[in-house]
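Listed here are the chains, written in short residue letters.
Number of protein chains: 2
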Amino acid sequence: MGPAVGPAKNAPAAPHAVDRLAALLAEDLAAVDALIHQHMESPVGVIPNLAAHLIDAGGKRIRPLITLAAARLLGGGGDGPRKLAAAVEFIHSATLLHDDVVDVSSMRRGKKSANVLWGNSASVLVGDFLFARSFNLMVETGDIQVLDILARAASVIAEGEVMQLAAANDADTTRERYMAIIAAKTAALFAAAGKAGAVAAGRPGPEAAALETYGRELGLAFQLVDDALDYGGMSQTMGKNAGDDFKEGKVTLPVVFARDAGDEGERAFWRRAMGGERTDDDFHRAVALLKRHNAIGRTIDAARAHAQTARDALNFLPANAYREALEALPDFVVERAY
Amino acid sequence: MGPAVGPAKNAPAAPHAVDRLAALLAEDLAAVDALIHQHMESPVGVIPNLAAHLIDAGGKRIRPLITLAAARLLGGGGDGPRKLAAAVEFIHSATLLHDDVVDVSSMRRGKKSANVLWGNSASVLVGDFLFARSFNLMVETGDIQVLDILARAASVIAEGEVMQLAAANDADTTRERYMAIIAAKTAALFAAAGKAGAVAAGRPGPEAAALETYGRELGLAFQLVDDALDYGGMSQTMGKNAGDDFKEGKVTLPVVFARDAGDEGERAFWRRAMGGERTDDDFHRAVALLKRHNAIGRTIDAARAHAQTARDALNFLPANAYREALEALPDFVVERAY
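In the order they appear, the protein sequences are chains A and B. Each residue of the first sequence is one higher than the last, beginning at 52 in the numbering used here. Each residue of the second sequence is one higher than the last, beginning at 52 in the numbering used here.
It is possible that part of the hints are untrue.
No more than 25 angstroms apart at the CA atoms, straight line, and that leaves these computed lysine to any residue pairs for SDA-like [stated by the list, open to error]: (1) B:163 - A:217; (2) B:291 - B:359; (3) B:163 - A:366; (4) B:162 - A:217.
Simulated restraints, written as ranges between beta carbons of each label pair [stated by the list, open to error]: (5) B:335 - A:227: 57 to 63 angstroms; (6) A:331 - B:287: 54 to 60 angstroms; (7) A:126 - B:162: 53 to 59 angstroms; (8) B:130 - A:369: 36 to 42 angstroms.
Everything labelled a hint here was simulated from the structure, so no lab data went into it. Backbone N, C-alpha and C define an ideal beta-carbon position, used for all residues, glycine too.
Model the full structure from these sequences, guided by the hints.
Structural data, given as structure tokens:
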């Protein structure tokens with residue numbers, strides 16, 4: 052991937068692209084929210100309580116928005132896309148609950164995470180419940196093709212999570228391996244969200260392929276930016292979860308860039324810091340090394356390239372408000388880094 | 052439920068009923084095994100390694116056998132029932148992996164459990180993978196009705212596990228609550244295994260209902276016997292996992308019987324022992340109290356009643372070798388207690 056790509060670099064920021072998409076799909080989104088709450092109900096009180104703690108904490112619903120917009124863009128109507136959108140959010144939520152157990156996280160969406168409040172066991176089991184309920188929702192659509200798409204995505208996500216676990220503390224992780232991990236753990240669900248929306252609209256052919264590409268590339272951009280933000284992003288402002296990847300020994304693209312561009316002493320630092328014990332001082336040194344090698348800038352450039360591929364994938368689709376809103380999302384995702 | 056029920060009490064032991072069923076379905080079972088191994092493949096090596104450790108450890112495959120026998124009993128042929136049987140085993144396997152994390156178990160099927168060998172995180176994530184792959188297998192059948200049955204079962208199982216977690220260390224757990232827990236965590240999958248087999252054979256009506264009842268009642272008998280064996284069963288011989296429920300503060304039916312029949316001092320013992328700290332001496336006292344009140348015998352009587360209901364559910368189905376083999380299973384399940 053080259054350094055700077057296309058017109059997006061100097062394009063005006065589109066900070067509210069998700070909000071605009073949500074406004075355009077307000078009625079659908081309200082219906083999805085109702086479906087979500089209806090399907091997380093259970094006589095076992097812990098389940099709706101724990102699920103609501105996560106799901107009502109103000110996530111951006113970006114994945115279900117993609118499903119809804121993909122379907123509407125292609126003229127798909129009815130309840131099917133809403134059920135799929137809710138299913139996609141459930142898969143995402145189940146993944147977050149299990150992620151936080153695996154990563155021993157204590158914060159999520161600005162609140163204490165469910166594993167801290169209810170314990171690891173409850174988080175694992177309620178994750179299982181949400182995952183099962185996502186399939187209940189898909190079954191309700193009666194569409195075996197979308198079940199196929201999302202069931203495949205679900206197993207790829209799990210593969211990605213295991214890959215990431217196996218790569219933790221492996222200081223030699225390559226760019227290729229990193230990309231394979233984020234393609235599986237993050238981009239697969241974005242891709243499935245777009246493809247499933249198109250299929251639900253009765254367009255399983257090139258339109259579904261286009262929206263699958265859109266989702267995958269957007270997902271890659273999204274994760275690249277997330278990983279840049281873990282080191283403060285372009286502004287070097289440390290957000291609420293900054294430093295988590297470093298603490299967990301996750302070798303993300305910024306580290307790959309800085310490590311590979313560093314001299315022998317720097318590479319020794321990365322080997323020690325990513326491979327074993329890490330101190331707070333190490334984190335500050337890591338941030339300084341990323342800066343020296345423009346590793347964040349290069350990561351954002353990579354994200355920008357994927358964002359452009361995402362936008363381009365929509366070129367031949369009907370030009371309407373939904374397409375326009377989807378086209379604005381990739382820029383928004385990249386602008387988060389600034 | 053009354054104390055002793057029906058002719059089964061003095062019926063000859065049927066120790067090899069599972070083996071006989073497996074022999075009758077040998078070809079199907081070999082195909083299921085191939086499907087299982089094919090669908091647990093992944094380029095991410097940890098996944099097939101961890102999955103094989105559990106799945107190849109010599110489980111009895113009782114749930115997939117029920118699916119296969121149900122389908123064949125009703126004349127269902129082809130690959131569908133085999134895929135469903137593999138899916139059922141995957142759901143069961145995923146549940147075991149997550150259970151062992153939740154229960155902090157260290158042994159499973161006579162070997163070190165996966166969470167001990169690969170860690171909790173890998174067990175959680177590979178469980179997720181197997182769960183997703185179970186849906187891939189169901190999708191391959193193209194039958195949305197069986198997807199509905201098994202997706203519902205999966206969410207009920209998770210509810211049961213959360214119920215059990217919430218009831219742990221609650222010394223006042225009632226018989227009703229205990230039965231609700233085991234109906235969800237164990238019997239729901241047995242029921243779905245039977246029902247899905249019938250539906251795959253094109254018999255979604257009374258035959259499916261009969262095999263669902265068969266599965267549910269067999270599953271209840273199975274779990275009751277398991278819980279009796281946790282205190283040594285009728286022979287008072289402590290098996291490899293004996294005492295686990297007591298250690299984990301799980302109030303099972305034997306404890307409910309002994310507690311409710313005990314005097315004030317005994318009830319105080321149960322309150323303390325199940326509600327909080329437990330020593331090895333406490334376990335020995337618990338076993339003695341269960342004996343004093345015939346709590347194991349009464350639990351086995353309850354299991355026997357469910358076993359008979361299971362058998363009776365098959366009465367109106369075609370009389371053939373599959374039905375005969377299914378009819379022998381409930382006795383086998385109960386005889387395990389001796």
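Going down the list of hints, with the structure as the test:
Proximity of residue 163 (chain B) to residue 217 (chain A) is assessed by CA-CA distance (about 21 angstroms); at most 25 angstroms being required, the pair is judged to hold. For the hint linking residue 291 (chain B) to residue 359 (chain B), the alpha-carbon distance of about 28 angstroms lies beyond 25 angstroms, and the restraint is violated. Between residue 163 (chain B) and residue 366 (chain A), the direct Cα distance comes to roughly 55 angstroms. Violation of the 25 angstroms bound is thereby established for this hinted pair. Between the alpha carbons of residue 162 (chain B) and residue 217 (chain A) the distance comes to roughly 23 angstroms, so the proposed pair stays at or under 25 angstroms and holds.
Between residue 335 (chain B) and residue 227 (chain A), the C-beta spacing of about 58 angstroms keeps the proposed range 57 to 63 angstroms intact. The hinted window of 54 to 60 angstroms between residue 331 (chain A) and residue 287 (chain B) holds, with their beta carbons roughly 57 angstroms apart. At about 55 angstroms, the CB distance of residue 126 (chain A) to residue 162 (chain B) agrees with the hint of 53 to 59 angstroms. Checked against the hint of 36 to 42 angstroms, the pair residue 130 (chain B) and residue 369 (chain A) passes, with Cβ atoms roughly 40 angstroms apart.
Taken one by one, the earlier hints fail for this structure at numbers 2, 3, listed in ascending order.
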